[in-house]
Each structure stands twice: as C-alpha cells, then as structure tokens.
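Heads up: the protein sequence lines correspond to chains H and U, in order. Position 60 (the first sequence) corresponds to 60 in my numbering; numbering is contiguous. Position 97 (the second sequence) corresponds to 375 in my numbering; numbering is contiguous.
These are computed hints drawn from the structure, not numbers from a lab. Quick reminder that beta carbons are idealized off the backbone N, C-alpha and C, glycines included. Honestly, I wouldn't trust all of these hints.
Think about it this way: if two alpha-carbon atoms lie no more than 30 Å apart in a straight line, the pair counts; the simulated BS3-like pairs of lysine-lysine are [to be verified]:
| id | chain 1 | residue 1 | chain 2 | residue 2 |
| --- | --- | --- | --- | --- |
| 1 | U | Lys518 | H | Lys163 |
| 2 | H | Lys163 | U | Lys463 |
| 3 | U | Lys384 | H | Lys163 |
Only some residues are given here: those of chain H computed to face chain U with a beta carbon under 8 Å [what the hints assert, rightly or not]:
| id | residue |
| --- | --- |
| 4 | Ser35 |
| 5 | Thr164 |
| 6 | Ala165 |
| 7 | Arg171 |
| 8 | Met175 |
| 9 | Gln181 |
| 10 | Leu184 |
| 11 | Phe189 |
| 12 | Val259 |
| 13 | Ala263 |
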Amino acid sequence: MNMTGQGIRAMTALSKSWERAVVPLFILAAWEVFSRSGFLPAALLPAPSVVLHTWGDWIFGFDETSQGNTGRWLADALSSATRVAAGYGIAVVSGVALGIAIGWWRWVERTVEPTLQMLRPVPPVSWIPLAIIWFGIANKPAIFLVFLGAFFPILMNTIHGVKTADRNLIRAASMMGATEQQLLRHVVFPAALPSIFAGLRIGIGAAWMLTVTAEMVAVKSGLGYVLWDSYYFLRYDLVLAAMASIGLLGYATDALIKVLMSAALHWQHGSTLQSREG
Amino acid sequence: MASIELRNITKIFRDAKRKRDLLAIDNVSLSVEKNEFLCLLGSSGCGKSTLLNMIAGFEKPTEGSVTVGGKAVDGPGADRGMVFQQANLMPWLPVWENVAFHLRLKGWRKADRRDAAQDYIDMVGLRGFENHFPAELSGGMSQRVGIARALLLNPQVILMDEPFAALDAQTKMDMQEELVAIWQKQRCTVVFVTHSVDEALVLGTRVAVMTSRPGRIRELIALDLPRPRDTTGPRFNDHKRHILNLIREEGLQQRQAAVA
C-alpha cells in the first residue's frame, strides 16, 4: 500500500514537471522551426540549437564558436554575481535596519523618510553618469547601482511590515516585561519578516537588472558586458546566450531566496494561501 | 494588605475628531484582596476593560491611583500576567516557546526554557502539543497557551479580559472549571472581566457589577457558594436574578435619560 502511495506521488510529480515544461518546449520548437525556415537571415535570429552550441562553447570552450569568450562563462557569471551579492548585501542590511527604524520611531520617520521618498522615484539607471564620475569604471559603480535598485523595495516592504505588525502581540510582549529593544528583536522583526521577504524578492530582480545595465556601460566584464560587446560584433547567438544566462542566474537566486523564505516562515504553513505553493 | 488598590479612578477619553471629552470611568474605588477571584461584570462599553488595562499598565487613569502589591503601577510588567480576549500568541513560535516567552526575554538557555515551560503546558492540559504552532490550534487551545504563558510569570495577580468570550459553550465550561482548579492550586489573585452573568457567578469570589457611561461600580456582591458551583441551584439563581434586575434597572434609567 505504501509502495503504491509512493508510486502515485512520483507519477504526479512527473506529470507536474511535464506541465511546467510544455510551454517552454513549444516556444523553443517553434523558434527553431522559424529560424531554419529562412524567413529572416540566420544571423539576426539564431536558432535555439545554434545559441545552445555557442553557449556551450562559452561555458566549456570546446571549439571557439564564441571566439574570445570561449571557456570564460564561469568567470563572467562570477563577476556579475559578485556585484549582485555586494550591492544586494548592502541593500538588505541597510534597507531592513532603516526600515525598522522608520516604521517604529515616529521621529525617524519624520526626519528621514521625506528625503528617501524624494530619491525613490529617481530611476537607478539615471545615476549612471554620477556613479561613473564618483567611482570610475570598475566594480564600484555597478555595486552602487545594484544597491540603489534593491534598497528601496526592501526598505518600503520593511516599513510596511513593521507598521502592520499586530499591536496586540506588542502588548502581550510588554506584559511579559519586554524592553523596547526586545520588542524590536523578538516581536516586530519576526512579525515584519513575511513583508521583508516580499521586498527581498523584488529587490533581487532589480539587482540583476541593474548589474547588467551597469556592465553594459560602466564595467568591462560580466554577463552584461559580453551581451553588449556581442551586439557590436553582431553575434546575436552570444547576445541570446547572455540573456539566457542572466535569466537563469536571476531565477536561481530568486529560488534560493524562496527556499530561505519557506524555512524562515515555516510557521505560516497551512495558514496562508502562499503556503500552498510548492 | 490588599493586593490591588484602585483609588478614585476617573478616566476621560479625548475624542480628537469630534472635539469632545468622554467620561468613561467616574470615580471608581476598589480593592482586591490577596487570593481573591474578582469578576468585573458589565455590558460592553462600560469601561471594565479600561479598568483592567489600567491595572495592567496599558492605560493611565486621568485621575486617581492604581497600586499593585503596594507599588504604584506605571506601565506593563511581568508582575501582572494578562490573558487577552484573543490569545495573542506569537505565530512564529511553537507552543512551548510561547509559554516560555518571558524566559526568552530574560535570556534563558533553550533547554532550560523548554523544561520550565513543560510544567505549565501540563497544567493547562496541552501535553503533546508543545511543538504545534498557533495556526494549528483551536480557539480553546490557544487560550490555554495564553493562560500557561501568564502563569509562568508567576505573577502576584492575573488579569483576564473576557478570555473565553470567543469559545463555544462546551469549551467555555471546561475552561472555566480548569481555571478555578488552577486558581485554587496556585493561590493567586485574579481579576476577570466578563459580560456574562453566569460566568461571573461560576468563577468569582466577588462580583463587581458595573454600570455604563460613565462606568461606575453599582454593587459589590460577595459569593459564598460552594464549588463546583451548581448553575441551576436556588442560591445561584437568587444571585442571578438580583444581578439581572440591577442590569435591567440600569438599562431603563439610561433609556429614560436618553429620552429626556
């Protein structure tokens, strides 16, 4: 009986992964057919098989189809990922800390928040000229941009999380003798955590977007740089491979945050719609 | 010495929107003896919860003073355990961590907290549910956790704000019985706010019947009924009739006042 139960579960898991694969597989097949039909010059829209080949060479360096980039994918991916990690890390620490302070103390809100709210609508990309002037052409302007992009969503969601924390829990904790610092650490922070995680997930998307943008203009390495450089050399297969790489890494980091989130918010299990997600 | 002493308490709420003052509590004096089980009985809006919140330290009287164990109350503290109308458990902590939350604040080690929590979890009959999360508990079980959490403070007084109001009749009866048993065993002072005449008569050693708008204490009734209390017995019903009459009179006076 146990065996059949497991068997059924394995079957449903398999059919579920099929469900997920149907749409991408269909798109890839249609694209392959369309590219090979000769409707467009092959160089303008390389077929998925061509992209995959170039991508493979970029990663493993087997036949130098990707020319100067052959075998350098890992280094490119790492330099992009490092920028994301640095800028995002700074944004998480400062966004959560400042968000809690703004949400909790009215005087911090009154003094700090208006300034931040005026800076918020300025698109991070428009900081590029200043970032280059201040930090030169290297990692720093990219990290700065990543920070800007990730900081505001994390900040806003943290503020929201703190402000919507259940007052009754704070009352209960102060009944048990909690000091203000203990309230923040043991009640307000955990209560704001679901909201903070929402900010973290929006933030990581912005972080990848801005690393790539920065690498196109202000840095001479990374996936974004390869993408823009290949565009100048009309290597659209490499452009597409770079796009796919960025998508894949972005997806992977978001998946990582989701894993962290479900571990940290396991207590929501069974009480929210979100907990039904796989 | 009285355990809780309320002296000439007046509370005025400022209604900022309508620029009007609302007299919620008018010159209430009350003293609760050690080991007493006092029920504050009144309709909603009579200020009974406000009075309880003043003892807890969540609110300050506009005039008058509150002392607990001879010390003036100037804020919430662990010498007064409170059980709320909603259990107000930390949803991210399992049952035992909620019960031992006070010890977490005091920086106890995990193993010690776990040990200390067990006695109180057993006392409220939640053995086997230590690792459940609040979202997995029924209303009655959540309130048990709330009671265990208050008991673990080992407080001089326990304040209860209609803790059983949201429970079904059967669960409510069970919880009332257990609460009396715990109170008899722990020998603590309880102030219990309720709007149910039956509940007040089942639980209290004394009942303070409150009138509303402004809140005053209409009558203090000492109950010397034997426990467990027979809710159908003649003496129980005499008390009930008397209290219901008080409440009816009060309602009548208010309606007349409203007309005039």
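Among the hints numbered above, which are violated by the structure, and what are their numbers in rising order? 1, 2, 4, 5, 6, 9, 10, 11, 12 and 13
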